[in-house]
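Student: Protein chains in written order, with our numbering: chain A, 264 to 408; chain B, 264 to 408; chain C, 264 to 408; chain D, 264 to 408.
Treat the hints with care, since some could be wrong.
The list cannot tell twin chains apart, which means a pair is met if one copy fits it or any two copies do.
[Claimed, not checked] Taking lysine to aspartate or glutamate and the EDC-like style, the derived pairs with C-alpha atoms no more than 20 Å apart in a straight line are:
| hint | residue 1 | residue 2 |
| --- | --- | --- |
| 1 | Lys313 | Asp280 |
| 2 | Lys375 | Glu271 |
| 3 | Lys392 | Asp309 |
| 4 | Lys392 | Glu345 |
| 5 | Lys372 | Asp388 |
| 6 | Lys355 | Asp280 |
| 7 | Lys355 | Glu373 |
Worth flagging that the hints you see were computed from the coordinates, not collected in a lab.
As the structure is a prediction and not an experimental result, all values here were calculated from the model.
If you want the building blocks of each chain, they are given just below.
There are 4 protein chains.
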Amino acid sequence: MVKAMNEEFPQPSTCWDHYVSYGETDGMGIAYYGNYLHWFEQARSDFLRKMGMTYSGIENQNIYLPVREAYCRYLVSTAFDEQISIKTGIGKWCRASMYFFYEIYNLSKENKLITTGYTQHACIDQTGKPTAIPEWLKNITRVEC
Amino acid sequence: MVKAMNEEFPQPSTCWDHYVSYGETDGMGIAYYGNYLHWFEQARSDFLRKMGMTYSGIENQNIYLPVREAYCRYLVSTAFDEQISIKTGIGKWCRASMYFFYEIYNLSKENKLITTGYTQHACIDQTGKPTAIPEWLKNITRVEC
Amino acid sequence: MVKAMNEEFPQPSTCWDHYVSYGETDGMGIAYYGNYLHWFEQARSDFLRKMGMTYSGIENQNIYLPVREAYCRYLVSTAFDEQISIKTGIGKWCRASMYFFYEIYNLSKENKLITTGYTQHACIDQTGKPTAIPEWLKNITRVEC
Amino acid sequence: MVKAMNEEFPQPSTCWDHYVSYGETDGMGIAYYGNYLHWFEQARSDFLRKMGMTYSGIENQNIYLPVREAYCRYLVSTAFDEQISIKTGIGKWCRASMYFFYEIYNLSKENKLITTGYTQHACIDQTGKPTAIPEWLKNITRVEC
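Isolated chain A (complex conformation) (with noise of 0.2 Å):
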């Protein structure tokens, strides 16, 4: 997977911004690590919604999906205050499992690209079995593996 976050950025991809707030720093003065991972989920979140569909709902067609991987690579640190813009997409679509793409560029910054990383999510259903991503979700963005 490391080698797909040199390719191009998928698309279709959506922005989300967020102001690095103080509990989210740690005694370094810079954004904690761990913190990284809940922006990638509020960005896919996002993601979502602005492709008209939300997460929720998909929970409501007893469609969910967990996280199996996460991978994050920290090029430069960002600080209290920042504005940083979480670019996401979907990577890859497989038959019961996906992949989101992230890339983050801190707008204070004059935009530098400062993390990458990607989550890998089995698609499951109300029972937890492994089942394969419906047609309707592919749908949001007809990106094929």
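Model the placement of chains B, C and D on the given structure of chain A, informed by the hints.
Tutor: Below, chains B, C and D alone, put in the same frame as chain A:
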């Protein structure tokens, strides 16, 4: 202070909107009670920004406003993906401390008031010594106590 | 309730020890104010466990104790890697609600008292309706109000 | 690095035990994926402490170990109040960076392995410049790469 919560909300006030994220909910399926204090902080940074100031700008003047007291009253819960609005104002300026007041409204549930709260902040210098609130800071709102 | 904080600490009480983590500190280099509510929760789960019960065991009886009010007074800050101890007891049983009281001591700084606080909990059933605290729950401590 | 995860776990290793808290679970009733990175951090602070060092002690020598990369593979979920154990070791020392490896076991579910992961850390001085890992730090474990 609790009494003061029933009075009219202080002016000027601002509203910071937020979608409740998955990571902010807990096993009951509603926003975890500890996250509200984090929302209060993001709302007061937003308040300062809208008043033409930033909290980091205040720190650059060697003025720090650590929280001395926090209070939150949870009237109604809020769930994942609901859009909430945190109303924020300065309740009171004292000599070397001040109060922020908060009210949270659930925009996804007919703007229902779901939470009230306040934080009391000491005003200290870089050595940690209590110091009188500077006039330039009070001028944000000109609400005397 | 604040008055009650000055009284003697309720018995029985337990202590839950914790090292302040890096992720819990903020740009001031001290523990972020919102994390204290998370510590309170971990300390009350520990209290229940030491009283021979678990919060999940309580939920299995269709009794839920959502927080209705939280209050925290930050007397002295605490820094990364300091070992703190959260003292916890039940302050008061009411008909359909109850109070937990907390005091935090800094074991790395001569056991100094650094925080006091309380949480008020409603007692509800699985439909969300207020319900009288069951006797088996009160029997944890037999402290009547 | 992912390959290395299948090899034998590096020695010495330590185990840091933790009860999954309510605030760490999400609407699915299981621990939120972002919190694992926070557990990794608490586990590596515990590792250093057990090796006779502290991370703050390392910082006092003007050596900082910010995270450059984080990876987490979620094999099985874990729920509220389950006791987990985070096994931690140093996977590799490089010239100016190093790797921590982690495995999480669920003590409440027959010690089942539920998570694997790693973090890569740069070694920098107080000016932020990459610097060779000092010998006194490597001596913690004497595991050369």
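Student: With reference to the structure, classify each hint as holding or not holding.
Tutor: Comparing the hints with the structure gives:
Taking identical chains as interchangeable, the C-alpha atoms of Lys313 and Asp280 lie at most 20 Å apart whether they share a chain (13 Å) or sit on different chains (17 Å). Only within a single protomer do Lys375 and Glu271 lie at most 20 Å apart by alpha-carbon distance; the minimum there is 17 Å, versus 39 Å between protomers. Within a single copy, Lys392 and Asp309 get their C-alpha atoms no closer than 26 Å, and across copies no closer than 34 Å, so neither meets the 20 Å cut-off. Taking the shortest alpha-carbon separations for Lys392 and Glu345, neither the intra-copy value of 41 Å nor the inter-copy value of 22 Å comes in at or below 20 Å.
With identical chains, the CA atoms of Lys372 and Asp388 are never at most 20 Å apart, being 43 Å at best within one copy and 23 Å at best between copies. In the homo-oligomer, the alpha carbons of Lys355 and Asp280 never lie at most 20 Å apart, since the shortest distance is 24 Å inside one protomer and 32 Å across protomers. In this homomeric assembly, Lys355 and Glu373 never come within 20 Å of each other (Cα to Cα): the closest approach is 30 Å inside a single copy and 35 Å across copies.
In this structure, the earlier hints numbered 3, 4, 5, 6, 7 are contradicted, and the remaining ones agree with it.
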